[in-house]
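Based on the provided sequences and hints, a complete structural model is requested.
Taken in order, these protein sequences are the chains called A and B.
Under my numbering, the first residue of the first sequence is numbered 1, with each subsequent residue one higher.
Under my numbering, the first residue of the second sequence is numbered 1, with each subsequent residue one higher.
One or more of the hints may lead you astray.
[Said to hold, decoys possible] A short list of chain A residues far from chain B (calculated; beta carbon distances all over 12 Å):
{"#": "1", "residue": "Asn18"}
{"#": "2", "residue": "Asn22"}
{"#": "3", "residue": "Thr26"}
{"#": "4", "residue": "Asn32"}
{"#": "5", "residue": "Ser52"}
{"#": "6", "residue": "Thr58"}
{"#": "7", "residue": "Asn63"}
{"#": "8", "residue": "Ala78"}
[To be verified] Cut-off 25 Å, straight-line C-alpha distance, at most; resulting in silico cross-link-like pairs (BS3-like, lysine-lysine):
{"#": "9", "chain 1": "B", "residue 1": "Lys57", "chain 2": "B", "residue 2": "Lys15"}
{"#": "10", "chain 1": "A", "residue 1": "Lys100", "chain 2": "A", "residue 2": "Lys1"}
{"#": "11", "chain 1": "A", "residue 1": "Lys100", "chain 2": "A", "residue 2": "Lys68"}
{"#": "12", "chain 1": "B", "residue 1": "Lys11", "chain 2": "A", "residue 2": "Lys1"}
{"#": "13", "chain 1": "B", "residue 1": "Lys15", "chain 2": "A", "residue 2": "Lys100"}
{"#": "14", "chain 1": "A", "residue 1": "Lys68", "chain 2": "A", "residue 2": "Lys1"}
{"#": "15", "chain 1": "A", "residue 1": "Lys1", "chain 2": "A", "residue 2": "Lys42"}
{"#": "16", "chain 1": "A", "residue 1": "Lys42", "chain 2": "B", "residue 2": "Lys11"}
{"#": "17", "chain 1": "B", "residue 1": "Lys17", "chain 2": "B", "residue 2": "Lys57"}
Derived from the structure by calculation, the hints contain no laboratory data.
As the structure is a prediction and not an experimental result, all values here were calculated from the model.
For every residue, glycine included, the Cβ atom is placed at its ideal position computed from N, Cα and C.
These are the residues of each chain, in order.
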Amino acid sequence: KQEVTQIPAALSVPEGENLVLNCSFTDSAIYNLQWFRQDPGKGLTSLLLIQSSQREQTSGRLNASLDKSSGRSTLYIAASQPGDSATYLCAAPFSGGYNKLIFGAGTRLAVHP
Amino acid sequence: GAGVSQSPSNKVTEKGKDVELRCDPISGHTALYWYRQSLGQGLEFLIYFQGNSAPDKSGLPSDRFSAERTGGSVSTLTIQRTQQEDSAVYLCASSLASALNTEAFFGQGTRLTVV
Numbered sequence: 001k002q003e004v005t006q007i008p009a010a011l012s013v014p015e016g017e018n019l020v021l022n023c024s025f026t027d028s029a030i031y032n033l034q035w036f037r038q039d040p041g042k043g044l045t046s047l048l049l050i051q052s053s054q055r056e057q058t059s060g061r062l063n064a065s066l067d068k069s070s071g072r073s074t075l076y077i078a079a080s081q082p083g084d085s086a087t088y089l090c091a092a093p094f095s096g097g098y099n100k101l102i103f104g105a106g107t108r109l110a111v112h113p
Numbered sequence: 001g002a003g004v005s006q007s008p009s010n011k012v013t014e015k016g017k018d019v020e021l022r023c024d025p026i027s028g029h030t031a032l033y034w035y036r037q038s039l040g041q042g043l044e045f046l047i048y049f050q051g052n053s054a055p056d057k058s059g060l061p062s063d064r065f066s067a068e069r070t071g072g073s074v075s076t077l078t079i080q081r082t083q084q085e086d087s088a089v090y091l092c093a094s095s096l097a098s099a100l101n102t103e104a105f106f107g108q109g110t111r112l113t114v115v
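And the structure:
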């Protein structure tokens, strides 16, 4: 069974800290991995998509890495700001005929001034 | 439009009534997904459309739920005889091709409350 796990479930940090969010998956035969952000009461905003042939992607202060062999992805947020407060979700479509994205439960991030 | 559009943004309905939720995907996107997010829960896959292929309905929780996609574009999710446990945010996403190789984009969701 394909599963995606995110640790920690919640994180509270002071403004300015660099932080790492973790995502692990059970099936190394993933095609890609996508990180999303969800603000309260809102939909999901795509942050980064890493193809299975890539090891990392960067967008501004965000850097996502992918290690298929160990079944892990990390989202690195540099110099965190209060506006980064949100829930961060990772998701992957798995092989074997499945087209649906399997989501982790998310990490709820709070960045306080 | 510039993004995935869902309507209505909020819907309150009485138990037992039918509801229809609409999703307008990004123009040109062949793949369309419906997910459900209950309060404090993760995203639950409901149904997936890819081009003219038969949809993947494996996530629909009961036969009260159905969805269609007309002309390969707009999709409607219908819930018949709504129950209180149907209360959730229903999210639609689209991608240029299969999720296997392209980025998925989500709408803002429809918050359904069954009273």
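Do the hints match the structure? See the list:
Distance check for Asn18/A against chain B: the nearest CB is about 26 Å away, which clears 12 Å, and the non-interface claim stands. Once the 12 Å rule is applied to beta carbons, Asn22/A is consistent with being away from chain B; the minimum gap is 16 Å. Listed as outside the interface, Thr26/A is consistent with that label: its C-beta sits roughly 15 Å from the nearest C-beta of chain B, beyond the 12 Å cut-off. The Cβ of Asn32/A sits about 7 Å from the closest Cβ of chain B, inside the 12 Å cut-off, so the non-interface label is violated.
Chain B draws Ser52/A into its interface by the beta-carbon criterion, the shortest separation being 9 Å against a cut-off of 12 Å. Under the 12 Å C-beta cut-off, the non-interface status given to Thr58/A relative to chain B holds; the minimum distance is some 15 Å. Distance to chain B confirms Asn63/A as a non-interface residue, since its nearest Cβ pair spans about 17 Å, more than 12 Å. With a minimum CB-CB distance of about 22 Å to chain B, Ala78/A clears the 12 Å threshold, and the non-interface call stands.
The suggested pairing of Lys57/B with Lys15/B holds, with an alpha-carbon distance near 24 Å, which does not exceed 25 Å. A hinted pair counts as satisfied when its Cα atoms are at most 25 Å apart, and Lys100/A with Lys1/A qualifies at roughly 13 Å. Taken as a hint, the Lys100/A and Lys68/A pair is honoured in the structure, with Cα atoms around 19 Å apart against an allowance of 25 Å. Distance check on the hinted pair: Lys11/B and Lys1/A sit about 34 Å apart at the alpha-carbon level, beyond 25 Å; violated.
Restraint check for Lys15/B and Lys100/A: the C-alpha separation of about 30 Å exceeds 25 Å, so the hint is violated. Restraint check for Lys68/A and Lys1/A: the C-alpha separation of about 17 Å stays at or below 25 Å, so the hint holds. For the proposed pair Lys1/A and Lys42/A, the alpha carbon gap of about 29 Å is over 25 Å, so the pair is violated. About 15 Å separates the Cα atoms of Lys42/A and Lys11/B, which keeps this hinted pair within 25 Å; it holds.
Annotation: proposed proximity of Lys17/B to Lys57/B holds, straight-line Cα distance about 22 Å (limit 25 Å).
Hint violations for this structure: numbers 4, 5, 12, 13 and 15, all remaining hints satisfied.
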